[in-house]
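S.K.: Between the sequences and the hints, there should be enough to build the whole structure, so can you do that?
Number of protein chains: 2
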Amino acid sequence: MGKLRVIGIGPGSIENMSLRALKAIENSDVIVGYNKYIDMIKDLVEGKEVYSTGMMGEEDRCKEALELSKDKNVALISTGDSGIYGMAGLILELRKDEEVEVIPGITASSSAGSVVGAPLMHDNCNISLSDLMTPYEDIKKRVKLAAEGDFVISLYNPKSKGRNKYLMECIDIIRGFRKDSTPVAVVRNALRDDQNYTLSQIKDFDDSTVDMMSIVIVGNSKSYLKNGYFITPRGYASKKRDVSRR
Amino acid sequence: MGKLRVIGIGPGSIENMSLRALKAIENSDVIVGYNKYIDMIKDLVEGKEVYSTGMMGEEDRCKEALELSKDKNVALISTGDSGIYGMAGLILELRKDEEVEVIPGITASSSAGSVVGAPLMHDNCNISLSDLMTPYEDIKKRVKLAAEGDFVISLYNPKSKGRNKYLMECIDIIRGFRKDSTPVAVVRNALRDDQNYTLSQIKDFDDSTVDMMSIVIVGNSKSYLKNGYFITPRGYASKKRDVSRR
Numbered sequence: 001m002g003k004l005r006v007i008g009i010g011p012g013s014i015e016n017m018s019l020r021a022l023k024a025i026e027n028s029d030v031i032v033g034y035n036k037y038i039d040m041i042k043d044l045v046e047g048k049e050v051y052s053t054g055m056m057g058e059e060d061r062c063k064e065a066l067e068l069s070k071d072k073n074v075a076l077i078s079t080g081d082s083g084i085y086g087m088a089g090l091i092l093e094l095r096k097d098e099e100v101e102v103i104p105g106i107t108a109s110s111s112a113g114s115v116v117g118a119p120l121m122h123d124n125c126n127i128s129l130s131d132l133m134t135p136y137e138d139i140k141k142r143v144k145l146a147a148e149g150d151f152v153i154s155l156y157n158p159k160s161k162g163r164n165k166y167l168m169e170c171i172d173i174i175r176g177f178r179k180d181s182t183p184v185a186v187v188r189n190a191l192r193d194d195q196n197y198t199l200s201q202i203k204d205f206d207d208s209t210v211d212m213m214s215i216v217i218v219g220n221s222k223s224y225l226k227n228g229y230f231i232t233p234r235g236y237a238s239k240k241r242d243v244s245r246r
Numbered sequence: 001m002g003k004l005r006v007i008g009i010g011p012g013s014i015e016n017m018s019l020r021a022l023k024a025i026e027n028s029d030v031i032v033g034y035n036k037y038i039d040m041i042k043d044l045v046e047g048k049e050v051y052s053t054g055m056m057g058e059e060d061r062c063k064e065a066l067e068l069s070k071d072k073n074v075a076l077i078s079t080g081d082s083g084i085y086g087m088a089g090l091i092l093e094l095r096k097d098e099e100v101e102v103i104p105g106i107t108a109s110s111s112a113g114s115v116v117g118a119p120l121m122h123d124n125c126n127i128s129l130s131d132l133m134t135p136y137e138d139i140k141k142r143v144k145l146a147a148e149g150d151f152v153i154s155l156y157n158p159k160s161k162g163r164n165k166y167l168m169e170c171i172d173i174i175r176g177f178r179k180d181s182t183p184v185a186v187v188r189n190a191l192r193d194d195q196n197y198t199l200s201q202i203k204d205f206d207d208s209t210v211d212m213m214s215i216v217i218v219g220n221s222k223s224y225l226k227n228g229y230f231i232t233p234r235g236y237a238s239k240k241r242d243v244s245r246r
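Chains U and A supply the protein sequences, listed in that same order. The letter at position 240 of the first sequence is residue 240 when you use the UniProt record's numbering, and the numbering goes up by one with no holes. The letter at position 120 of the second sequence is residue 120 when you use the UniProt record's numbering, and the numbering goes up by one with no holes.
Hints are computed from structural coordinates only; laboratory data are not their basis. Predicted model only: the values in this text are computed from it and were never measured. We put the beta carbon where it would ideally sit given N, CA and C, even for glycine. One should not assume that every hint holds.
Each computed BS3-like pair below joins lysine-lysine, with the alpha-carbon atoms no more than 27 Å apart [to be verified]:
{"hint": "1", "chain 1": "U", "residue 1": "Lys70", "chain 2": "U", "residue 2": "Lys96"}
{"hint": "2", "chain 1": "U", "residue 1": "Lys72", "chain 2": "U", "residue 2": "Lys3"}
{"hint": "3", "chain 1": "U", "residue 1": "Lys179", "chain 2": "U", "residue 2": "Lys165"}
{"hint": "4", "chain 1": "U", "residue 1": "Lys144", "chain 2": "A", "residue 2": "Lys140"}
{"hint": "5", "chain 1": "A", "residue 1": "Lys140", "chain 2": "U", "residue 2": "Lys222"}
{"hint": "6", "chain 1": "A", "residue 1": "Lys222", "chain 2": "U", "residue 2": "Lys96"}
{"hint": "7", "chain 1": "U", "residue 1": "Lys23", "chain 2": "U", "residue 2": "Lys42"}
{"hint": "8", "chain 1": "A", "residue 1": "Lys222", "chain 2": "U", "residue 2": "Lys222"}
{"hint": "9", "chain 1": "A", "residue 1": "Lys141", "chain 2": "A", "residue 2": "Lys3"}
{"hint": "10", "chain 1": "U", "residue 1": "Lys140", "chain 2": "A", "residue 2": "Lys72"}
{"hint": "11", "chain 1": "U", "residue 1": "Lys226", "chain 2": "A", "residue 2": "Lys96"}
{"hint": "12", "chain 1": "U", "residue 1": "Lys141", "chain 2": "A", "residue 2": "Lys141"}
Covered by chain A, per the in silico footprint, the following chain U stretches (three or more residues, Cβ under 8 Å) [to be verified]:
{"hint": "13", "region": "10 to 24"}
{"hint": "14", "region": "69 to 79"}
{"hint": "15", "region": "100 to 114"}
M.R.: In structure tokens form, the structure reads like this:
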């Protein structure tokens with residue numbers, strides 16, 4: 001009798017993974033995951049049975065992982081947190097009586113945020129712009145309400161070839177509720193070797209560097225840029241002692 | 001010339017911390033933090049200079065950490081992600097020319113989510129119910145808009161002695177936009193030794209077990225309970241192949 005561990009490996013390097021995730025991978029007989037993610041941790045995977053598939057094979061991967069876990073210890077890996085746009089949900093939807101453990105990781109907005117400063121310090125939300133499983137009209141409605149609610153907004157899957165206009169449309173929606181100087185960060189490959197980022201004000205936002213490996217973070221009404229950092233204060237000036245300009 | 005590392009240690013155990021956070025603490029001369037958090041990692045801290053304060057000393061802690069970092073390597077620790085309701089923002093607000101590195105961790109909603117299944121699988125938001133630095137009217141408005149936007153909602157700092165009615169009021173606001181069977185999780189001390197949790201439907205929600213060590217997670221319109229797990233599908237049925245009931 002084996003066990004299936006659904007593991008979030010964080011941004012994609014071994015050093016940003018938890019010790020628990022690391023040990024769970026080491027103690028597994030079989031590693032299942034998208035081949036690009038398995039490549040990121042290939043030192044850990046060496047010598048183990050590997051079942052990897054292309055990006056679109058998610059449901060097959062989950063079924064295979066559940067089947068294999070009947071007599072082996074299986075690690076199903078995804079980047080970020082396994083529980084946020086990861087594999088934990090689909091596994092639990094498909095699960096019958098297999099033993100499953102969900103191991104969380106650092107989600108992509110946390111990784112991206114740490115690269116540019118402290119943009120997520122106050123109430124914040126994650127929205128995926130992928131319309132593969134959610135109608136675009138629902139996505140736009142959610143973006144509008146998040147903007148109106150003054151959330152810091154992290155956009156996952158911000159742009160792909162098939163939907164290259166969504167991001168600018170969503171930024172325009174947010175802009176209706178924000179001042180022109182609101183910071184926007186584009187962080188590409190956060191905490192990976194080829195990491196890069198841009199910071200701009202929302203009025204000048206340019207989506208040309210954004211791709212599927214990027215996270216886009218838009219500040220709330222109090223966010224600002226200072227010495228190259230994107231900072232969101234912990235609260236609203238009316239309630240706090242003002243420390244921001246000292 | 002030292003360096004200040006602002007470190008998110010995750011839920012509070014060494015095993016759920018990243019290797020990067022672990023190494024950064026090991027390589028620091030001084031550890032600064034709330035004494036309860038320092039206790040959680042006391043094996044790592046042994047033999048080091050420690051500057052700990054009570055919970056309300058946040059600004060003093062940050063100033064002390066910046067001052068100390070002028071000639072020592074300093075680790076300023078907080079639980080969860082240092083960039084989400086953590087210390088990274090205040091440090092960058094107060095920073096003059098000190099060298100600062102932000103090291104992310106697993107945020108509390110990810111930890112809590114992993115304990116009860118996969119509640120955060122789709123678009124989700126974090127809202128703090130603490131009115132210490134944000135007016136309660138703003139908090140309620142945000143809760144309403146998040147509910148209307150069908151976000152999965154994680155409530156941080158859900159209840160304290162001074163504001164023991166906010167949580168039920170906010171749950172009532174959310175209930176106006178959700179069906180009666182919407183799952184609600186209360187996860188207390190997630191991924192710590194004394195972890196416990198309850199799952200209920202929003203119509204039966206009872207706040208009696210909730211305290212400041214708890215995270216409350218409310219599902220979206222598609223979330224459901226199955227075999228003791230809280231599951232949110234990755235998208236909306238109209239766009240996806242239905243795998244949830246097989």
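S.K.: Now tell me, hint by hint, if it's right for this structure.
M.R.: For each hint, the structure was consulted:
{"no.": "1", "hint": "U:Lys70 to U:Lys96", "in the structure": "holds, 11 Å"}
{"no.": "2", "hint": "U:Lys72 to U:Lys3", "in the structure": "holds, 7 Å"}
{"no.": "3", "hint": "U:Lys179 to U:Lys165", "in the structure": "holds, 22 Å"}
{"no.": "4", "hint": "U:Lys144 to A:Lys140", "in the structure": "holds, 17 Å"}
{"no.": "5", "hint": "A:Lys140 to U:Lys222", "in the structure": "holds, 18 Å"}
{"no.": "6", "hint": "A:Lys222 to U:Lys96", "in the structure": "holds, 20 Å"}
{"no.": "7", "hint": "U:Lys23 to U:Lys42", "in the structure": "holds, 15 Å"}
{"no.": "8", "hint": "A:Lys222 to U:Lys222", "in the structure": "violated, 33 Å"}
{"no.": "9", "hint": "A:Lys141 to A:Lys3", "in the structure": "violated, 40 Å"}
{"no.": "10", "hint": "U:Lys140 to A:Lys72", "in the structure": "violated, 48 Å"}
{"no.": "11", "hint": "U:Lys226 to A:Lys96", "in the structure": "holds, 10 Å"}
{"no.": "12", "hint": "U:Lys141 to A:Lys141", "in the structure": "holds, 16 Å"}
{"no.": "13", "hint": "10 to 24", "in the structure": "holds (count 10)"}
{"no.": "14", "hint": "69 to 79", "in the structure": "violated (count 0)"}
{"no.": "15", "hint": "100 to 114", "in the structure": "holds (count 10)"}
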